[in-house]
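Novice: Each chain is listed here by its residues.
6 protein chains.
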Amino acid sequence: MPVIEIHVLQGYSDDDKSRLCTALTHASRSVIPAMPEAVSVMVHEMAPAAYMRGGQHRTPAPALPDPTQIVQTYLQAMEARDLNTARALLDLAFTMTFPGTAPMTTLEQLIAWAKPRYRFVQKTYEGYDALQSPGAAAIVYCRGTLSGEWPDGTPFNGIRFIDRFELVAGRITRQDVWNDIAETKAETKATS
Amino acid sequence: MPVIEIHVLQGYSDDDKSRLCTALTHASRSVIPAMPEAVSVMVHEMAPAAYMRGGQHRTPAPALPDPTQIVQTYLQAMEARDLNTARALLDLAFTMTFPGTAPMTTLEQLIAWAKPRYRFVQKTYEGYDALQSPGAAAIVYCRGTLSGEWPDGTPFNGIRFIDRFELVAGRITRQDVWNDIAETKAETKATS
Amino acid sequence: MPVIEIHVLQGYSDDDKSRLCTALTHASRSVIPAMPEAVSVMVHEMAPAAYMRGGQHRTPAPALPDPTQIVQTYLQAMEARDLNTARALLDLAFTMTFPGTAPMTTLEQLIAWAKPRYRFVQKTYEGYDALQSPGAAAIVYCRGTLSGEWPDGTPFNGIRFIDRFELVAGRITRQDVWNDIAETKAETKATS
Amino acid sequence: MPVIEIHVLQGYSDDDKSRLCTALTHASRSVIPAMPEAVSVMVHEMAPAAYMRGGQHRTPAPALPDPTQIVQTYLQAMEARDLNTARALLDLAFTMTFPGTAPMTTLEQLIAWAKPRYRFVQKTYEGYDALQSPGAAAIVYCRGTLSGEWPDGTPFNGIRFIDRFELVAGRITRQDVWNDIAETKAETKATS
Amino acid sequence: MPVIEIHVLQGYSDDDKSRLCTALTHASRSVIPAMPEAVSVMVHEMAPAAYMRGGQHRTPAPALPDPTQIVQTYLQAMEARDLNTARALLDLAFTMTFPGTAPMTTLEQLIAWAKPRYRFVQKTYEGYDALQSPGAAAIVYCRGTLSGEWPDGTPFNGIRFIDRFELVAGRITRQDVWNDIAETKAETKATS
Amino acid sequence: MPVIEIHVLQGYSDDDKSRLCTALTHASRSVIPAMPEAVSVMVHEMAPAAYMRGGQHRTPAPALPDPTQIVQTYLQAMEARDLNTARALLDLAFTMTFPGTAPMTTLEQLIAWAKPRYRFVQKTYEGYDALQSPGAAAIVYCRGTLSGEWPDGTPFNGIRFIDRFELVAGRITRQDVWNDIAETKAETKATS
Numbered sequence: 001m002p003v004i005e006i007h008v009l010q011g012y013s014d015d016d017k018s019r020l021c022t023a024l025t026h027a028s029r030s031v032i033p034a035m036p037e038a039v040s041v042m043v044h045e046m047a048p049a050a051y052m053r054g055g056q057h058r059t060p061a062p063a064l065p066d067p068t069q070i071v072q073t074y075l076q077a078m079e080a081r082d083l084n085t086a087r088a089l090l091d092l093a094f095t096m097t098f099p100g101t102a103p104m105t106t107l108e109q110l111i112a113w114a115k116p117r118y119r120f121v122q123k124t125y126e127g128y129d130a131l132q133s134p135g136a137a138a139i140v141y142c143r144g145t146l147s148g149e150w151p152d153g154t155p156f157n158g159i160r161f162i163d164r165f166e167l168v169a170g171r172i173t174r175q176d177v178w179n180d181i182a183e184t185k186a187e188t189k190a191t192s
Numbered sequence: 001m002p003v004i005e006i007h008v009l010q011g012y013s014d015d016d017k018s019r020l021c022t023a024l025t026h027a028s029r030s031v032i033p034a035m036p037e038a039v040s041v042m043v044h045e046m047a048p049a050a051y052m053r054g055g056q057h058r059t060p061a062p063a064l065p066d067p068t069q070i071v072q073t074y075l076q077a078m079e080a081r082d083l084n085t086a087r088a089l090l091d092l093a094f095t096m097t098f099p100g101t102a103p104m105t106t107l108e109q110l111i112a113w114a115k116p117r118y119r120f121v122q123k124t125y126e127g128y129d130a131l132q133s134p135g136a137a138a139i140v141y142c143r144g145t146l147s148g149e150w151p152d153g154t155p156f157n158g159i160r161f162i163d164r165f166e167l168v169a170g171r172i173t174r175q176d177v178w179n180d181i182a183e184t185k186a187e188t189k190a191t192s
Numbered sequence: 001m002p003v004i005e006i007h008v009l010q011g012y013s014d015d016d017k018s019r020l021c022t023a024l025t026h027a028s029r030s031v032i033p034a035m036p037e038a039v040s041v042m043v044h045e046m047a048p049a050a051y052m053r054g055g056q057h058r059t060p061a062p063a064l065p066d067p068t069q070i071v072q073t074y075l076q077a078m079e080a081r082d083l084n085t086a087r088a089l090l091d092l093a094f095t096m097t098f099p100g101t102a103p104m105t106t107l108e109q110l111i112a113w114a115k116p117r118y119r120f121v122q123k124t125y126e127g128y129d130a131l132q133s134p135g136a137a138a139i140v141y142c143r144g145t146l147s148g149e150w151p152d153g154t155p156f157n158g159i160r161f162i163d164r165f166e167l168v169a170g171r172i173t174r175q176d177v178w179n180d181i182a183e184t185k186a187e188t189k190a191t192s
Numbered sequence: 001m002p003v004i005e006i007h008v009l010q011g012y013s014d015d016d017k018s019r020l021c022t023a024l025t026h027a028s029r030s031v032i033p034a035m036p037e038a039v040s041v042m043v044h045e046m047a048p049a050a051y052m053r054g055g056q057h058r059t060p061a062p063a064l065p066d067p068t069q070i071v072q073t074y075l076q077a078m079e080a081r082d083l084n085t086a087r088a089l090l091d092l093a094f095t096m097t098f099p100g101t102a103p104m105t106t107l108e109q110l111i112a113w114a115k116p117r118y119r120f121v122q123k124t125y126e127g128y129d130a131l132q133s134p135g136a137a138a139i140v141y142c143r144g145t146l147s148g149e150w151p152d153g154t155p156f157n158g159i160r161f162i163d164r165f166e167l168v169a170g171r172i173t174r175q176d177v178w179n180d181i182a183e184t185k186a187e188t189k190a191t192s
Numbered sequence: 001m002p003v004i005e006i007h008v009l010q011g012y013s014d015d016d017k018s019r020l021c022t023a024l025t026h027a028s029r030s031v032i033p034a035m036p037e038a039v040s041v042m043v044h045e046m047a048p049a050a051y052m053r054g055g056q057h058r059t060p061a062p063a064l065p066d067p068t069q070i071v072q073t074y075l076q077a078m079e080a081r082d083l084n085t086a087r088a089l090l091d092l093a094f095t096m097t098f099p100g101t102a103p104m105t106t107l108e109q110l111i112a113w114a115k116p117r118y119r120f121v122q123k124t125y126e127g128y129d130a131l132q133s134p135g136a137a138a139i140v141y142c143r144g145t146l147s148g149e150w151p152d153g154t155p156f157n158g159i160r161f162i163d164r165f166e167l168v169a170g171r172i173t174r175q176d177v178w179n180d181i182a183e184t185k186a187e188t189k190a191t192s
Numbered sequence: 001m002p003v004i005e006i007h008v009l010q011g012y013s014d015d016d017k018s019r020l021c022t023a024l025t026h027a028s029r030s031v032i033p034a035m036p037e038a039v040s041v042m043v044h045e046m047a048p049a050a051y052m053r054g055g056q057h058r059t060p061a062p063a064l065p066d067p068t069q070i071v072q073t074y075l076q077a078m079e080a081r082d083l084n085t086a087r088a089l090l091d092l093a094f095t096m097t098f099p100g101t102a103p104m105t106t107l108e109q110l111i112a113w114a115k116p117r118y119r120f121v122q123k124t125y126e127g128y129d130a131l132q133s134p135g136a137a138a139i140v141y142c143r144g145t146l147s148g149e150w151p152d153g154t155p156f157n158g159i160r161f162i163d164r165f166e167l168v169a170g171r172i173t174r175q176d177v178w179n180d181i182a183e184t185k186a187e188t189k190a191t192s
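Residue numbers (full-length UniProt numbering), protein chains in the order written: chain U, 1 to 192; chain L, 1 to 192; chain D, 1 to 192; chain C, 1 to 192; chain F, 1 to 192; chain A, 1 to 192.
Derived by calculation from the structure, the hints in this document are not laboratory data.
Please note that a few of the clues may not be correct.
[Unchecked claim] Under the rule of at most 25 Å between Cα atoms (straight-line distance), these lysine-lysine pairs were calculated in the DSS-like manner:
| hint | chain 1 | residue 1 | chain 2 | residue 2 |
| --- | --- | --- | --- | --- |
| 1 | L | Lys189 | U | Lys189 |
| 2 | L | Lys185 | U | Lys115 |
| 3 | A | Lys123 | F | Lys115 |
| 4 | D | Lys115 | D | Lys185 |
| 5 | D | Lys123 | D | Lys189 |
| 6 | F | Lys123 | F | Lys185 |
| 7 | L | Lys185 | U | Lys185 |
| 8 | U | Lys123 | U | Lys185 |
| 9 | F | Lys123 | A | Lys189 |
| 10 | L | Lys185 | U | Lys189 |
| 11 | L | Lys189 | L | Lys123 |
| 12 | U | Lys189 | L | Lys123 |
| 13 | L | Lys115 | U | Lys189 |
| 14 | C | Lys115 | D | Lys115 |
| 15 | C | Lys123 | D | Lys189 |
| 16 | F | Lys123 | F | Lys189 |
| 17 | C | Lys185 | D | Lys115 |
| 18 | C | Lys115 | D | Lys185 |
| 19 | F | Lys189 | A | Lys123 |
| 20 | D | Lys189 | D | Lys115 |
| 21 | A | Lys189 | A | Lys123 |
| 22 | C | Lys123 | D | Lys115 |
| 23 | C | Lys189 | D | Lys185 |
| 24 | C | Lys115 | D | Lys189 |
| 25 | A | Lys185 | F | Lys185 |
| 26 | L | Lys189 | U | Lys115 |
| 27 | A | Lys185 | F | Lys189 |
| 28 | C | Lys189 | D | Lys123 |
| 29 | A | Lys115 | F | Lys115 |
Work out the full structure: start from the sequences and follow the hints.
Specialist: Okay, structure coming up:
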């Protein structure tokens, strides 16, 4: 059944409202086991003059961008080694941790770290999960498999990976990466 | 501002309503950058006789259990090797994938796989993330570090891990695990 | 889509609320071509202290009885010639008109009128239609076929009839009856 | 008291909303004996981007036409023997039953049937009743009296009739007619 | 907490809605001890075609003007002896009572009464209070101190006053004035 | 039209809700010139578990007492010289100003001040006005006429007075009094 109504100030785009409806739909389903078809969401938009809190009219804060889309743009830019585009999406406080690394703060560090590890790598995406944390950060997960070439030119593929991102106000503040590269190498050695 | 109202059938526990309110609060914040303090949620509970859809009164579906709690119970049981408790939380279709394994379907397989890898392992948890997927599954992530002993009795700790769980109707259907064990072993060998 | 909410004073029975939900469901469907399944109705019941109009709290008026049920009770009583039960359902201003009669005001007049016409008659019901008029009256239609015996004992059946009732405050104020008895007799004569 | 709110998708005309408000007003009065003056109806129109069901935005279905108006147009066309206009209002599955007839499916059948019965007939309308059935059909009743000339040119008038119509998606699917013509003829003969 | 929603017909200005929100905010606070910041008000404006009471659509009554503003305009005009402006704000039934006077009905009476009492007087305002009475009248209070010159040219100041106004439909119907002029004079005499 | 809905936490008494409904009714009428009969107020009470703000459930603050009632109790106690009852209604920061006095802070000061002025005084009340200020204070006005005896035993009556009270959290913080006593005395002397 759930029928959800949300009252917001006027000024959000159709896309913002769509994302809002979708987020509320699935939020309600986390407790109430309704099929999506049984969940209705209505967005009531209030003109500034028609809403008052604390004796004051209010202006709407701009919508947060879709964090999954930001992560996707960032990952594509990194794969294409378009560092300017990728860097523009990072927060000043950005850190990233890859298997075996301490937290790094620049993309250049990552590239230097990766160099001896593989010639290039491509990601095949299996799925994304996104949620808003109780704090300021939006969380985005993406997972899938890696393919590419080892430094000696041997190809590899099907290596599982998962990335976890935190974003605040539309900028990436943290990236954590796990994958089976070391496992695969160890197995390769063991069988070679 | 957002003021959220949700109409549900009567019969959910205070804890269910609490989880619902929390989920809706953060769902709205994924688009509208309001501090939690600015988000109000009201749950309107409808007696069965006071709600009709399609010309028929409805009965409320039992609330879904908190998936994070189920995952925590499962992980504790596994760490304590209490397989009966852990098994009771698994769906018939359960599969799990660890670094370097094909999907396994029984806990016994996992234990056999782990045996030559470490004497024991303990998890220190850094955080959980949970969300409802657009499908039937709830998704729970937990991440942190592993400590324990290698087969030769050498202790290890601080090894990053992340687990991803899918749950349907309160049962775990899938577990995917990534960690830096192989990376750590490779480094250890390299430096030994 | 239509999602309908109705705010009423507390005190109506579950059956009253059910009838209310059903009436609102179909009322909305008279304009919006939604399948019943797509129409939701929520009844919000207000405690007397929680509702004020014109600076005054109000008490709920007792629900109107289901007019179709009253008509059914009346028709069964008439068929069983239980005139006391039937009479108790009539308003003081009751009138009834049958084919070829002027408005009659008592059940005894009807019985006198019917006597030379048939020995007895039974109704088979095909359907009821009920609605609230813009005025005080509820309208109930019932239609179907008559069977019975002519004064000479010849049986008849399958003769179409329709009755229209008006009820005010749960009492029948008017009954209008149409049927094909005369048509059937004329045909019988013509073919005899 | 009843205060009724209905949430519909944007796009219905003022006239549609008027009919909707009226239908809901009287529907609530079928259970709660409020004078119309005490019933308030508010229509909340949702932009497509502000409403989601089952994770999808929806488009409003076009309003159903007023079934009483369609019946009126049909009856006028029939009285004026404007068969093309009348026929355009009929559903493919249209059937009609008059006193003493089997179900007929074409207007031509009706005209043939009527020919030996009267030279012409005119209807004086006393009232209409309309409602939405629980199924797909809208039901319209009209009643009043017939006047005209018998085949021999003798005039008649004041003969009671009632018509019942079913309409689906704005087309007439069924017409059932009852009247006192045979009764009147029988009386006329009896007294002549 | 209080979250207040008010449904009104479309057509009120932003300023009207602002005054409405403010009035409702403080009205709720007269019973519920919430800081203004905790009170939210939402105004839902209904198009005429989207609201029906008693089976009829309605047109919005023009908003009442702000009674405090009318009183301020009146007091400024009186201080400037702009009697035409002041008079235009008075209802036909206007009466005013000053210390020691019977009710007066014209501004000229007031001026004649004041003449022997002081050469001129100016008001310094400390505050206004306004409320809607349960009847038709809005009530406005203003208070502060008087300064000016006695008939003999001696200046005075700091004399407390309070005025109470009643306004109906935007016109002043009644003014009652209290002040400490006589008290001050008595003291002056006593000490001279 | 206005239809007002207020959502509050559960726990207010019927009398609290009554006062709330009344306050909202007249607040809306300060802008929209509806007769009280046209204003509906509905109070929706939320169980603590069914309301969340800022991710937290809340408990309702106790209702403020009716300030007019407190003022009435205070005035009766003062007239009866029941200083203990009166004092219990005063805030620590209480001050009062009477014609010609500086602000006094104790009831004893008032009694000393009044002694040479009249033997006793009684109030006849013409009316009360109460409102919530934008700040923490509730404001109550009462007005009417004084009767009593001068120090020499001569009776007086019909002397106009007005009192203005401020109350915070149910305690009187300020009383300001105006009246025509000095005016009356001056007139008496002038005519004697």
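Novice: Each hint needs a verdict: does it hold in this structure or not?
Specialist: Comparing the hints with the structure gives:
Our distance criterion of 25 Å between C-alpha atoms is met by Lys189(L) and Lys189(U), whose separation comes to about 13 Å. Distance restraint check for Lys185(L) and Lys115(U): the Cα-Cα separation of roughly 20 Å lies within the 25 Å cut-off, and the hinted pair is therefore satisfied. Between Lys123(A) and Lys115(F) the alpha-carbon distance is near 32 Å, which puts this suggested pair outside the 25 Å criterion. Simply put, Lys115(D) and Lys185(D) have alpha-carbon atoms about 16 Å apart, close enough for the 25 Å limit, and the pair holds.
For the hint linking Lys123(D) to Lys189(D), the alpha-carbon distance of about 23 Å falls within 25 Å, and the restraint holds. The hinted pair formed by Lys123(F) and Lys185(F) meets the criterion: a straight-line CA distance of about 18 Å does not exceed 25 Å. For the hint linking Lys185(L) to Lys185(U), the alpha-carbon distance of about 11 Å falls within 25 Å, and the restraint holds. Of the pairs offered as hints, the one joining Lys123(U) and Lys185(U) holds, with about 18 Å between alpha carbons and a cut-off of 25 Å not exceeded.
Only pairs whose Cα atoms come within 25 Å are accepted, and Lys123(F) paired with Lys189(A) is rejected, the gap being roughly 29 Å. Pair hint Lys185(L) plus Lys189(U) holds up; C-alpha atoms about 13 Å apart against a cutoff of 25 Å. Distance restraint check for Lys189(L) and Lys123(L): the Cα-Cα separation of roughly 23 Å lies within the 25 Å cut-off, and the hinted pair is therefore satisfied. In summary, the hint linking Lys189(U) to Lys123(L) is not supported, as the alpha carbons are separated by about 28 Å, beyond the 25 Å threshold.
At roughly 21 Å between alpha-carbon atoms, Lys115(L) and Lys189(U) fall within 25 Å of each other, so this suggested pair holds. For the suggested pair Lys115(C) and Lys115(D), the alpha carbons sit about 34 Å apart, so the restraint of at most 25 Å is broken. Using a Cα cut-off of 25 Å, the hinted pair Lys123(C) and Lys189(D) is violated, with the two alpha carbons roughly 28 Å apart. In summary, the hint linking Lys123(F) to Lys189(F) is supported, as the alpha carbons are separated by about 23 Å, within the 25 Å threshold.
Between Lys185(C) and Lys115(D) the alpha-carbon distance is near 20 Å, which keeps this suggested pair within the 25 Å criterion. Annotation: proposed proximity of Lys115(C) to Lys185(D) holds, straight-line Cα distance about 20 Å (limit 25 Å). Distance hint between Lys189(F) and Lys123(A) is unfulfilled; the C-alpha atoms sit about 28 Å from each other, more than 25 Å. A distance of roughly 20 Å separates the Cα atoms of Lys189(D) and Lys115(D); the hinted pair therefore holds under the 25 Å criterion.
As the CA atoms of Lys189(A) and Lys123(A) are separated by approximately 23 Å, the hinted pair is consistent with the 25 Å bound. At most 25 Å may separate the alpha-carbon atoms for a hinted pair to count; Lys123(C) and Lys115(D) exceed this at roughly 32 Å. At most 25 Å may separate the alpha-carbon atoms for a hinted pair to count; Lys189(C) and Lys185(D) meet this at roughly 13 Å. For the given pair, Lys115(C) sits about 21 Å from Lys189(D) by alpha-carbon distance, which is consistent with the 25 Å threshold.
Straight-line distance between C-alpha atoms of Lys185(A) and Lys185(F) comes to about 11 Å, which keeps the hinted pair within the 25 Å bound. At roughly 21 Å between alpha-carbon atoms, Lys189(L) and Lys115(U) fall within 25 Å of each other, so this suggested pair holds. The straight-line distance between the Cα atoms of Lys185(A) and Lys189(F) is roughly 13 Å, inside the 25 Å bound, and the hint therefore holds. Restraint check: the Cα-Cα separation between Lys189(C) and Lys123(D) comes to about 28 Å, which exceeds 25 Å; the hinted pair is violated.
Note on Lys115(A) and Lys115(F): the hinted pairing is violated, with a Cα-Cα distance of about 34 Å set against a maximum of 25 Å.
Hint compliance for this structure: hints 3, 9, 12, 14, 15, 19, 22, 28 and 29 are not met, and every other hint is.
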